[in-house]
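The chain contents come next:
2 protein chains.
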Amino acid sequence: MTITIYDVAREANVSMATVSRVVNGNPNVKPATRKKVLDVIKRLEYRPNEVARGLASKKTTTVGVIIPDMSNIFYAELARGIEDIATMYRYNIILSNSDQREDKELQLLETMFGKQVDGIVFMSEHVSIDLLNMMERSPVPIVLAGTIDATGHMPSVNIDYHQAAFEAVNRLLQNNHKRIAYVSGSLSSTINRAFKFTGYEKALAQAGIELDNDLVVESEATYDAGYTAFNKLKSINDAPTAYFAGNDELAIGLIHGVQDAGLNVPNDVEVISFENSKLARMVRPELTSVVLPLYDIGAVSMRLLTKYMNKEKIEEKTVILPHRICERNSVK
Amino acid sequence: MTITIYDVAREANVSMATVSRVVNGNPNVKPATRKKVLDVIKRLEYRPNEVARGLASKKTTTVGVIIPDMSNIFYAELARGIEDIATMYRYNIILSNSDQREDKELQLLETMFGKQVDGIVFMSEHVSIDLLNMMERSPVPIVLAGTIDATGHMPSVNIDYHQAAFEAVNRLLQNNHKRIAYVSGSLSSTINRAFKFTGYEKALAQAGIELDNDLVVESEATYDAGYTAFNKLKSINDAPTAYFAGNDELAIGLIHGVQDAGLNVPNDVEVISFENSKLARMVRPELTSVVLPLYDIGAVSMRLLTKYMNKEKIEEKTVILPHRICERNSVK
DNA sequence: GTGAAAGCGCTAACAA
DNA sequence: TTGTTAGCGCTTTCAC
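The listed protein sequences derive, respectively, from chains A and B.
Going by UniProt numbering, the first sequence opens with residue 1, and the numbers climb by one from there.
Going by UniProt numbering, the second sequence opens with residue 1, and the numbers climb by one from there.
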């Protein structure tokens, strides 16, 4: 038998409204009766039913988080930032994996609406029109974390990927490389295609180097793919002497490819990464990398969401966090 | 204006009970009226309010997951297994980080009870008495995933850590090592202390080697800690020639320590790990490791939980999954 | 096969 | 300062 607010009221000889008041910290309760109620609550081990509360108040203090893959270190870090800020603001999180499948993303949004979440943080490498339509008709605020909405309609938090990629490639250019490869994750990812790739392009153009499509390889964003990419590129004519890797795993795969070919990083081949997860220090040489502040992106997204949920005034609906390059030893 | 079951009923000229029946797939509805209702639902874009449903039915189809740190690759993998099976059974997941702090764990349980979750999957390196007491008085089933309950009262899924550690150390013994170090994560972790350590102990004893406490180093379970541990042990008298690492990060730190000291793995020093995450293949040499089936532990835990939630008969309340050693190149 | 009506446990006016 | 009373949107008997 679960005990309800009504039981407490009866035991304490007050109305349920009064119990509700003390439970919700409403100041309009005489200290004496507050104490009386609190005592009964403790004695009966009363615990408010948040579902009932949610139905009555139309607020569930839970937010939905839609993530491509929580076992991916990249997204796990983002999610941790989200969760930390969520708990700071007393929200709980319903976390679901979408595996980047649009149908699942759509269905997950639907599920979260049904569960009456107070808001949603959404992550994906590509936001389709259908998704955007659904989001714009959302009953609750949604913010995009580390994900790009081409229309710019949705609140979002990111870094300037284009500029960051530009700088990364420039860092390589600085060492006089003429043949710089871009080993990217999937180019169906908006960030990879429309921002990082164009940053790469721009840096080359500015250095007067013609883009060679043979030097841009699209693959999964994994260690094996990096390894494979190097082995594919090492034997082409005029092979690249430097690599811009889409993420740390790719970079490590690349480096091991180089080393297994009897070459040295950074003396024979230089590699710059784009992520700076804790993996970056777990290779020899350690990775020089653009630092993507994943945790912060998650945290700021959630903070932004709380502002929407509280109907606070929003200064920046599209926030761009700063980035930098962390110098280590994969680039001279 | 959100539209409710009542709106649908009115538009379809039926009672809300009938709408409820079609929404819930109750067969006692004439096909014609079912169709009529379905049409109205589609036209009005009606979406059932799961909170109201939860209040009325006393089931929320959501389960709580308490995890030490979701940004830790180890737990993230476990959580992914949990989530996959949860969605397979149409549950959603409320995920919260405890950072292994008992007060947070306690409070998180309380929160989840309040949210009326239908069940809980709990992970922690140490389950205190207070926690156990609270769990035994839980209104909903709880299963422990990859975590040990000394009393054996709670349902749980694990591997035989003791035996696995025993085998790992034996693998090293097989190569005639006499000085084998155990670089563990925190020994306040029940698994590390009561199972892996004793497995190590037993293997040594059986080989007639006396336990040397200088060779067991307790640290964080991180890359840096592994690196540091090697540097601490390399210069002691009769330094270890083989290492049993508590997890992959530790193992990689150890290996880089060895290499930075100008030594070779596995020729000068051998290292065996205990985890086999994807990191295991991202070092040179690749790690020989006990494979801890994290994803499966998560998946099986969740499956077990569904059985409890459905009040199915439970065959094994304490499930032990099989393990094995994956041979790669950090051990000869 | 369908409807009426009583809750589920709480919040939030509104009165007193 | 406290109590009364409607709901919140749905499920679930129980009749018909």
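Mixed in with the good hints there might be a few duds.
Same chains, same names: a pair is fine if it fits in one copy or spans any two.
When the alpha-carbon atoms are kept at most 16 Å apart in a straight line, the in silico EDC-like pairs for lysine to aspartate or glutamate are as follows [what the hints assert, rightly or not]:
(1) Lys232 x Glu136
(2) Lys35 x Glu11
(3) Lys278 x Asp224
(4) Lys313 x Glu286
(5) Lys104 x Asp84
(6) Lys278 x Glu220
(7) Lys42 x Asp160
(8) Lys42 x Glu210
(9) Lys307 x Glu327
(10) Lys36 x Glu11
(11) Lys59 x Asp268
(12) Lys42 x Glu327
(13) Lys232 x Glu220
(14) Lys104 x Asp69
(15) Lys42 x Asp296
(16) Lys234 x Asp296
(17) Lys332 x Asp69
(18) Lys104 x Asp214
No wet-lab data here; the hints were simulated from the structure.
Hints and how they fare:
no. : hint            : in the structure
1   : Lys232 x Glu136 : neither (43 Å within a copy, 58 Å between copies)
2   : Lys35 x Glu11   : within (13 Å within a copy, 50 Å between copies)
3   : Lys278 x Asp224 : between (18 Å within a copy, 11 Å between copies)
4   : Lys313 x Glu286 : neither (43 Å within a copy, 53 Å between copies)
5   : Lys104 x Asp84  : between (25 Å within a copy, 13 Å between copies)
6   : Lys278 x Glu220 : between (20 Å within a copy, 15 Å between copies)
7   : Lys42 x Asp160  : neither (52 Å within a copy, 41 Å between copies)
8   : Lys42 x Glu210  : neither (74 Å within a copy, 54 Å between copies)
9   : Lys307 x Glu327 : neither (36 Å within a copy, 52 Å between copies)
10  : Lys36 x Glu11   : within (10 Å within a copy, 49 Å between copies)
11  : Lys59 x Asp268  : neither (59 Å within a copy, 62 Å between copies)
12  : Lys42 x Glu327  : neither (56 Å within a copy, 56 Å between copies)
13  : Lys232 x Glu220 : within (14 Å within a copy, 39 Å between copies)
14  : Lys104 x Asp69  : within (12 Å within a copy, 25 Å between copies)
15  : Lys42 x Asp296  : neither (39 Å within a copy, 40 Å between copies)
16  : Lys234 x Asp296 : neither (37 Å within a copy, 38 Å between copies)
17  : Lys332 x Asp69  : neither (34 Å within a copy, 35 Å between copies)
18  : Lys104 x Asp214 : neither (34 Å within a copy, 53 Å between copies)
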